[in-house]
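Line by line, the protein sequences are chains A and B.
Each residue of the first sequence is one higher than the last, beginning at 1 in my numbering.
Each residue of the second sequence is one higher than the last, beginning at 1 in my numbering.
Derived by calculation from the structure, the hints in this document are not laboratory data.
Computed from a predicted structure; not experimentally measured.
One thing to keep in mind: the hints can contain errors.
Since copy identity is lost for identical chains, a pair holds within one copy or between any two.
[Unchecked claim] Using 30 Å as the maximum straight-line C-alpha spacing, the simulated DSBU-like pairs for lysine-lysine come out as follows:
#1 Lys160 with Lys125
#2 Lys189 with Lys330
#3 Lys160 with Lys75
2 protein chains.
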Amino acid sequence: MFEDRIRNVSLRSRVLSVDEVQGWIHDGMTIAVSGFTKSGDAKAVLKALSRRISETNEHTRIRLLSGASLGDTDKILAEKGVMSFRLPFQSEPFLRDRINRGDIEYVDQHLSETAEWVRSGWFGKIDFAIIEATAITEDGGIIPTTSVGNSPIFVEKADKVIVEINLSAPLDLEGVHDIYVPAARPHRKPIPLVNVADRIGTPYIPCSPEKIVAIVLSAEEDTPSTVSAADPDTHAMAEFIQEFLVHEVRRGRLPRHIGPLQIGIGSVTNAVLSGFENSPFDRLELYTEVMQDAAFELLDAGKVQLASSCSFTLSRSMREHVLSHLGQYKNRVVLRPQEISNHPEIVRRLGVIAINAALEVDIYGNVNSTHVFGTRMMNGIGGSGDFARNAALSIFVTRSIEKGGRISSIVPFATHVDHPEHDVDVIVTERGIADLRGLSPRQRAREIISHLVHPDYKDELIEYVRRAESLGGHTPHVLSEAWDWHFRMLKYGDMRSLVHAAQSDVLEFASQYRREPFRVRR
Amino acid sequence: MFEDRIRNVSLRSRVLSVDEVQGWIHDGMTIAVSGFTKSGDAKAVLKALSRRISETNEHTRIRLLSGASLGDTDKILAEKGVMSFRLPFQSEPFLRDRINRGDIEYVDQHLSETAEWVRSGWFGKIDFAIIEATAITEDGGIIPTTSVGNSPIFVEKADKVIVEINLSAPLDLEGVHDIYVPAARPHRKPIPLVNVADRIGTPYIPCSPEKIVAIVLSAEEDTPSTVSAADPDTHAMAEFIQEFLVHEVRRGRLPRHIGPLQIGIGSVTNAVLSGFENSPFDRLELYTEVMQDAAFELLDAGKVQLASSCSFTLSRSMREHVLSHLGQYKNRVVLRPQEISNHPEIVRRLGVIAINAALEVDIYGNVNSTHVFGTRMMNGIGGSGDFARNAALSIFVTRSIEKGGRISSIVPFATHVDHPEHDVDVIVTERGIADLRGLSPRQRAREIISHLVHPDYKDELIEYVRRAESLGGHTPHVLSEAWDWHFRMLKYGDMRSLVHAAQSDVLEFASQYRREPFRVRR
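Chain A with its partners taken away, still in its complex shape (with noise of 0.2 Å):
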């Protein structure tokens, strides 16, 4: 049996039970494993230990590293305090909880930067890799499923490692990934990467079959992505931005099919992607780090030919579809180390156009991607500043206002800076576009609050830009009432003044705002 999962010979008297397996896992260890933006992610281990501290109740604390986030395993593990440690990246709500709370070091990180950080030693030993898969090759290749994360120098690195085979992904997998790992510094030579589809590795992990220590079978199948539906603001965003690409096509400083798109995860940038559709453009490219369900829409509209990424994170139907016909989207769709898909030199290189999604801007286009009042992290900083450091093009998209109003995504001073003002180049909300190359701060200030905020918001950031420009300096501001917003809204629940300014003179300064209609600076 399985002699199309296990084809080393070798390795079929390894299959062992997960219960066997989760025993060799002890308090202190590393524990790496498979699994990016909830998907491909070993699921059947670590499952099993977390069920075993619950029934024994000893005090067994792991520090787990990943490719992002992972599907329930990331909850279940938090909430049966099962982690000391854990990077680079998460999304789970009950472990955002335990983190906020102090209770789990989490380093949000670079994706691009983890698989070096692991290369240099920096996090020591690794106990164990624990990898899901597809199929092991004759020569103890290890074939991932729905995406590659870090597996590749997890399994380079680890002590041991455990591969968690999963009957549900289609054996058609194969062939879907390219597989390149750098060499150690100071032997690393160029990624021979020049094209989106470039293949320039190998279709499996190599892995010497003496190190696979175990083989784990499971059925279980991602945790399914739920996406919300484009809605107005999500289509107004995606005008304005095809508008500006066109622009930038016709004026000559984008090339004619443009450059390859990255989108961050998410609904609202996953609605972006969607409004595509209806797009002039066609030959679209993707060079990105997870594909969702507009990616894959894309695909079968022919509106988009090729596509790089590092995961499939898809709902239960799109799944199933792609899934079931993978044949027609492998020689299109390379799934690679996020490494690779996150790579400065490559990101840069291909050119890649850069859309993600902004959690707060201010006004000179400091972007927070992760910190709600600038102490409670959300997220994490992803794949966004591999991206927006090295894109062509990097593009941030939010809605002007959340929560009914009561909080404005644009305010004079961003409670934290995950991209400097130097990494955003375009700012879109459902409101308009602001397109900030080469302006100087006091410039930028004035397209972020023409053309994104809300009218509720738009005096009193007026007023406020006013009275910090008359006290001076390159980027202006009033440190000692730069978060009165933030203070405002955890007081009263609300961002908004009760009083506004009206008096002659903030009116005459604010004219200069009102330079309607404005969309794109030609």
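Got chain A sorted already, so can you dock chain B onto it with the hints?
Positioned in the frame of chain A, the structure of chain B alone reads:
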């Protein structure tokens, strides 16, 4: 005459007077000039322009692009009000003042990125490129002087090129430069540089002779840089860094000769580099954007074997020494365009160890490199972001206090963030070293407060963290008090508190920060 300086015969007739050439420059033009950190800058035509404007009182303002800071030209142009726009870096007090008053639109930019922006046409037409040169080859190739900066892309994209032949530049500079310009996308290929001293391009900037509309002659030397001598603080910082690097090599986490070093510009960083003269390392390499005096001292001492840079920025005496001994440096030193010296692809590939100066760091390791009190521009981000984001190891140095102790460089919350904590691995002051790799924010705060902070500020910082943690959050803060030190400084001229907390719970909480002596994490 000038056969050796203007080798293309047809171009000899284009030698014109500076006064004639400056007359071609009119209001609103975009001018792109050579020059990087005050060296190799075009010195003649723009100064003549400013003389004209002084005499005529005409309204002429140009948009000025460069490599980085210019010599006294930046000062003269700022004084005469000749600039409306300046990019991508400056370090001139008078210009800085005009920028902070909002008189000049200044865009400070990652220094590797300006070339991409010019290539994409985002700045519109460049009317003239003005390039300082040692000589012009038979084919029109321009041999730069003491820096390369953005000259190659300026020459490629400008409508017309003016060459300033500097007769004080020794002809021996020929062969020092290596000019490689990445192709426009989507035809970009990997940059074939795999060793610090690899030569991958031409020793001159290719230029069609027809494009060179004028040649002017000058003999003005580069504005000398002023370097402060090492002092006990910089000596201590150098020792901490070396102790740390030795430790990392012993653990096998760095190669034996460590990675190539990048050292940011400035007196402190120059002194820190000087300290490597007494280090146990040999065969060191530099992959950096600027070589100051210390770089050549280490070359002379045989500590540094090979160096790649974008400019020589030297004191008068070191400049004389270097320019009269170019023969002995030529096979050990390369000057490259800043797009290559700072390129993410190369910095990441080579595993550069980046050492840059911070203006202010906060307890979580976010770094402010540019804005005093979050508003007033000092110089600009320069190349620090190119290196810190992509380096194998990103180190920031700062004195723990400034202004005789009235300012702490380590504050609860940075008033401006250029480098988010993700890009900051190690911070060094004269008091110790904080190794932040793999630590959560709460752990980072302990490491930073334990090892870097001056005693005058330690108790209050501990108390701040204690109260912040009681409010919760992944990155705890008391937002309403986060900038109290800055407000104190603005009001009383001193960040220090008059009252020191001494409650027993504070002392107990404080005990965990007192694990001394402690320098390098084992």
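| message | Checking an output row: Lys189 and Lys330, CA cutoff 30 Å. Within, between, both or neither? | response | For Lys189 and Lys330, both the intra-copy (28 Å) and inter-copy (25 Å) Cα distances are at most 30 Å.
| request: First find the shortest C-alpha distance between Lys160 and Lys75 inside one copy, then the shortest across copies, and answer within, between, both or neither for a cut-off of 30 Å. | output: within (25 Å within a copy, 63 Å between copies)
| query | Which holds for Lys160 with Lys125 at a C-alpha limit of 30 Å: within a copy, between copies, both or neither? | reply | within (11 Å within a copy, 59 Å between copies)
Every hint from the earlier list agrees with this structure, and none is contradicted.
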